[in-house]
Amino acid sequence: MTTPLLDVRDLTVTINRDAGVVTALDKVSFFVNPGEVLGIVGESGAGKSITGAAIIDLLVAPLKRTGGTITLAGERLDTLSPKAMRAVRGGRIGFIFQDPMTSLNPVITIGRQLCDTIEAHLKTGGDKAKKMALEWIERVGLPNPDVQFKRYPHQLSGGMRQRIVIALALCANPALVIADEPTTALDVSVQAHILQLMRDLHRESKTSMMLITHDLGVIAKMADRVAVLYAGRVAEISPVGELFNAPRHPYTRGLIRATPMPFANGEVRLDQIPGAMPGLGKTPPGCAFNPRCFKVEGDCRAAVPPLTSRESSAFSCFHPLEKEIA
Amino acid sequence: MTTVVNAPSAPAARRSRFANLRRAMLKAPGATLCAVIILAMFLYAFITPLVSQNPFEFAGMSVLDSFIPPMWMTDGVPDFPLGTDDQGRNLLTAMAYGMRTSIIVGFLSVIIGLLLGGSLGLVAGFVGGRVDAFIMRLADVQLAYPALLLAMIIDGAARAALGAERSVATAITIVVLSIGIAFWVQYARTIRSSVMIERDQDYVSAARITGRGNLSIIVLHILPNVMAPVLVIATINLGIAIITEATLSFLGIGIPVTSPSLGTLIRNGNNFLQSGEWWISVWPCLVLVLFVVSVNILGDHLRDVYNPRLKGRS
Amino acid sequence: MSAGDFLTLDHVSKVYRRNQGFLERLKKTDAGGTRAVSDVSLTVRHGETVGLVGESGCGKSTLARLVSGLMAPTSGEISFRKDAAGKAPRLQMIFQDPYSSLNGRWTIEDIIAEPIKVHRLRQGKAAIRARVDELLVQVGLSPADAEKYPQEFSGGQRQRICIARALAGEPEFLILDEPTSALDVSVQAQILNLLRDLQKNLHLTSLFITHNLSVVRIMADRIGVMYLGELVEEAPSEELFRRPRHPYTRLLIDAAPDMDTSDRSLHPIAGELPNPAFPPSGCRFHTRCPFAKDICRNTVPPQKTTEADGLYRCHFDLDLSNASIVPPSANVKTA
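Those sequence lines, one after another, are chains G, U and D.
The working numbering applies: residue 326 is where the first sequence begins, and numbers increase by one.
The working numbering applies: residue 33 is where the second sequence begins, and numbers increase by one.
The working numbering applies: residue 478 is where the third sequence begins, and numbers increase by one.
Treat the hints with caution; some may be incorrect.
[Claimed, not checked] Facing chain D, according to a computed beta carbon distance under 8 Å, are these residues of chain G, among others: (1) Glu368; (2) Leu388; (3) Gly450; (4) Gly451; (5) Ser514; (6) Gln521; (7) His539; (8) Asp549; (9) Phe569; (10) Ala571; (11) Pro585; (12) Ile598; (13) Val629.
Think of the hints as simulated: they come from the structure by calculation, not from any bench.
It should be emphasised that the depicted structure is a prediction, and the values quoted were computed from it without experimental measurement.
Backbone N, C-alpha and C define an ideal beta-carbon position, used for all residues, glycine too.
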């Protein structure tokens, strides 16, 4: 087995509120292999974005990382000083956010922003940085790089802006890219472009990627392995084919069956999961999914099921689905 | 996703509002103290006239007791703890009457300003277009004049129209109207901007599709949602209105001496400041300052509490 | 208007005028503006759900507001079937944002009772309260919730309250504007199932607007596809998916990634959405269409009807029933 590039163990994030301390991420563990795309999927409030932010130490108060280890290529990130972390961010770890407008500086030309990133992390400057920036503008598929170089973010469409954000994330040759809902703000037809671009660049550069999204369709097309989060915990981690064809955690199957698909055969009624995900601080004792689960038994209410590996999957469930049930 | 986490927890509903108030009071002891001071002054101003002789009626005066200094000074007597004025009125009692007038004038003028500015702001924000442009330009023009000057102009115009001879009630009405009209702009602007946000909300569209007319949409749906910031402004303006009234009265164009306000008392005492009888004007001054400062601190605090942009940060 | 028709849109357009400066107004220059909805004709029959899909800026939400009467069309006519007394049917609408569509100062009881009171559907306090309780149960909430305020509910529950409010008005026509777009997948499934049950049981006629083809497929009997303000195709749901006539419909169906992990190909549509304020000449889709010829650039395509009771706007009669027919556009890199 290869050594993972990113190894996250027991990552715990809490929120300090007037009323007390609430757990937002509860001992989340996963790893990303070199060159792999790990999908992180979950509904809003599951903690998927917090996971991404915690890895690059971008949590905003009242969120606070209170436990666990984060290792990138053998180096502990969780113990780095804020200054050393700044060099990792944008350097060894690139990131792509949902809203391209907030991740670009509106008063600086996109060319300058690219050059700044390249100069800061690759220790080159002047014409060489500019040449690289122009190359990146072309690589992400914008016509006339010379013209684009001098433009400001507001002069670009949403899809073009997201392309520039991708260029910014990749131009320092990072080992890992964290993409948080990179296509959620975009229209369907533009979304497919951006996904295609991310896939092409990923294949060229062999960068590892953490793809955070709520969209199972995006996961099915992009990810190699998938971690399903529920209420701040990992419900299941499986290779993408197994996850969709033979999910082991009842929540995973519920989520897949609840998603409407255009070519569903016969019965078009959706399988629904009753109830809703517990809010922060309202996680029931035992398995967080137990009030909504059709396989619930006494032990589910008594203890939190540990994440256990079986065959190629890992899941936290006392009564997992059999492999043939799909 | 951090937005989801940082979103303010659901604002409390009816039941927990009371508990929230109590927690807010414990968090802000300064504002709570101010609220207590305001309440105490209210009670004093409105209960004293019920149990004492009005010092501004002939029977309440006693020239023999005039110019008695506060009780701890030589010549002071315990009957008049804060001393007496030129007509021998007990200043402690006189100030209760003065405060009562000031508070009544302050409240009424705030209500007038609120009604006038509120309705104009509602119309401007809801109707929009030319009506909005007209009302807001009017507001801009008015803002070019200091509020005090404007109140004096309105007061003067009313006097000219009604003649110099007028009853206490007429005088108070004129002062209330002048101050109210001088301060409508702030309410109008605040309400207008809130209304412009609310009128495009889907719940308003839903009510419209259901068949509600403009008037009931404004009264039932929009008004309850735009009142909080305006009430905060009203609190702060109460202090300003009382100061304005005091200034008008001090200048002799406000409330007549027969039914004095704090401003009238200060003006009266001002005549004797040079001759050493400082207490006649200093006590009403102190009371005025204490009341207005308390109202302002409370108003500032309410603004912080109700400002949605500051919500969730505490 | 034929007997079964409930709602007809006849060449409806809506232009958003640009705000003119004072001098421009004096000069009386033409402001121009964005044609958000352009020459849309559509019929909704009694008891039918018509879906409208399209990407942002296609005018679907503007069309919803026009039909609801919140806005008046710039030209064209929207007419509802009137009853024997000549009265227009009762409408209700469900909105996308479950947070802004409930008045936070009202209790759930007051919110749901509003249409009942306005239309005088029940008389007396007790009767109204009984009806509110009944509606709450019908949408999967409990009568105890009537005392609460909207802030105490999650997005999905709020959408249930919105549905209860809409049903309280006993509408003959329901407009749903992206009712599940703000919701998570598992909650969306609950709401869609609830809406489907209600459609079946109450025989509602409705207009369902969404950007999600999979959702509209579940909900609608007939589907209209909009692009830059125009209705480019309209057909019965099954037919639209089995045999789309307009290239845009075909590309839109393929563009959304499905959950098939064996075929991981992506199908982007070439180019980006043009600015709706300056739509391309001729056929508005020609800048992105793999089949575009000269005629598409210059001539507005006619509206054609199909034997399967559909219509489309394209110069050609393309067979698009199979995805592989569309030339691959993935290698078109220009944005």
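Comparing the hints with the structure gives:
Checking glutamate 368 of chain G against chain D: minimum C-beta separation of about 4 Å stays under 8 Å; hint holds. Given the 8 Å rule on beta carbons, the hint for leucine 388 of chain G is violated: about 21 Å separates it from the nearest Cβ of chain D. With a least beta-carbon distance of about 28 Å to chain D, the hint placing glycine 450 of chain G at the interface is violated under the 8 Å criterion. Interface restraint check for glycine 451 of chain G: the shortest CB-CB distance to chain D comes to about 28 Å, outside 8 Å, so the restraint is violated.
Of the supplied interface hints, the one on serine 514 of chain G holds, with its beta-carbon coming within about 4 Å of a beta-carbon of chain D, less than 8 Å. For glutamine 521 of chain G, the shortest C-beta to C-beta distance to chain D is roughly 5 Å, which falls under 8 Å, so the interface hint holds. Below 8 Å, beta-carbon pairs count as interface contacts, and histidine 539 of chain G has one with chain D at about 7 Å; its hint therefore holds. A distance limit of 8 Å between C-beta atoms decides the matter here; for aspartate 549 of chain G the minimum to chain D is near 10 Å, and the interface restraint is violated.
Taken as an interface hint, phenylalanine 569 of chain G checks out: its beta carbon lies about 5 Å from the nearest beta carbon of chain D, inside 8 Å. Because the closest C-beta pair between alanine 571 of chain G and chain D is about 11 Å apart, greater than 8 Å, the hint is violated. Contact between proline 585 of chain G and chain D, as hinted, is supported at the beta carbon level, the nearest pair being about 4 Å apart and thus within 8 Å. This hint holds: isoleucine 598 of chain G has a C-beta 4 Å from the nearest C-beta of chain D, less than the 8 Å allowed.
Using the Cβ-Cβ criterion of 8 Å, the hint placing valine 629 of chain G at the interface with chain D is not satisfied: the shortest such distance is roughly 21 Å.
Checked against the numbered hints listed earlier, the structure breaks hints 2, 3, 4, 8, 10, 13; every other hint is satisfied.
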